[in-house]
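Colleague: Residue numbering for the sequence shown follows our numbering, starting at 1119 and increasing by one per position.
It should be emphasised that the hints constitute simulated quantities derived from the structure, not laboratory data.
Quantities reported herein were computed from a predicted structural model and do not represent experimental measurements.
From the three backbone atoms N, C-alpha and C, an ideal C-beta is built for every residue, glycine too.
Certain hints may be false.
[What the hints assert, rightly or not] 20 Å max Cα-Cα, derived DMTMM-like pairs, lysine to aspartate or glutamate:
1) K1221 x E1272
2) K1352 x E1334
3) K1263 x E1298
4) K1179 x D1208
5) K1352 x D1123
6) K1305 x E1340
7) K1352 x D1362
8) K1305 x D1362
9) K1263 x E1299
10) K1221 x D1184
11) K1305 x E1282
12) K1371 x D1333
13) K1221 x E1188
14) K1179 x E1131
15) K1221 x E1257
16) K1179 x D1230
17) K1305 x E1334
18) K1305 x E1272
19) K1352 x E1298
20) K1179 x E1156
21) K1221 x E1256
22) K1137 x E1172
23) K1305 x E1257
24) K1263 x E1215
25) K1263 x E1282
[Claimed, not checked] Between beta-carbon pairs, the in silico distance windows are:
26) A1348 x H1270: 22 to 28 Å
27) R1143 x D1373: 56 to 62 Å
28) D1142 x A1302: 44 to 50 Å
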Amino acid sequence: MGRHDDALRLQEETVAAEKVALGDRHPETLTSMNNLAETYRAMGRPDDALRLQEETLAARKVALGDRHPETLTSMNNLAETYSAMGRHDDALQLEEETLAASKIVLGDRHPDTLTSMSNLAVIYSAMGRHDDALRLQEETVAAEKVALGDRHPETLTSMNNLAETYRAMGRPDDALRLQEETLAARKVALGDRHPETLTSMSNLAMTYNTLGRQDEALILYERAVSGFEAALGKDHPNSRIVRDNFEICRARKRDRGDGG
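Given the sequences, and given the hints that come with them, work out the whole structure.
Modeller: Rendered as structure tokens:
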């Protein structure tokens, strides 16, 4: 939690100072506001993130134009927050608009366009449109492997999301294969205690549980809970979700008469 607190304090000080020195609508001020909003979301404060992202997007449209790359970044980030808050219709409309504009302004295979594709696929999945999500995620993973490399963090995020879609579609074996690959790669690229590595641990544990491999699931869940609580705090939404899933898995093991 300390790293996020330090980042938050520094970013809030930076935004305040830049508003005085540069003005509320200077591009550097807006970049700092965008970054502060991302920290709010990472800390499990989506309402604060939403308020700042809506303000930043409106200001960037005026200062930079509707189709400037930084405006498109704000649109993408706001769509992610809408999705995280369950406002999937708002997220879908904004992300589809962002993707269409990114393809025109940046090109089909620009990293920001690929990120928008990945995010749109996540929204499709959240809305139960798994076939649409699958098609877009497989396309995104293939493109990111070429454009960014097999082990780039963005590629690994798309692989993680594709695995989640496989599991949602009742393909746990495909999910398992991809999750094991993603977790191993994230440990090397990001470290054992990075939040994205911990997310991979938790997702793989869920698939193990689905497949009836509770002993392996519990080991991973325990590591993920410990890691999330150390990195983000016990009250962060990610910590609570993984802790709840850990208890569900333990209960399933007990119900099967395996102890625990």
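Colleague: Taking each numbered hint in turn, which are not upheld by the structure, reported in ascending numerical order?
Modeller: 2, 8, 14, 19, 23 and 24
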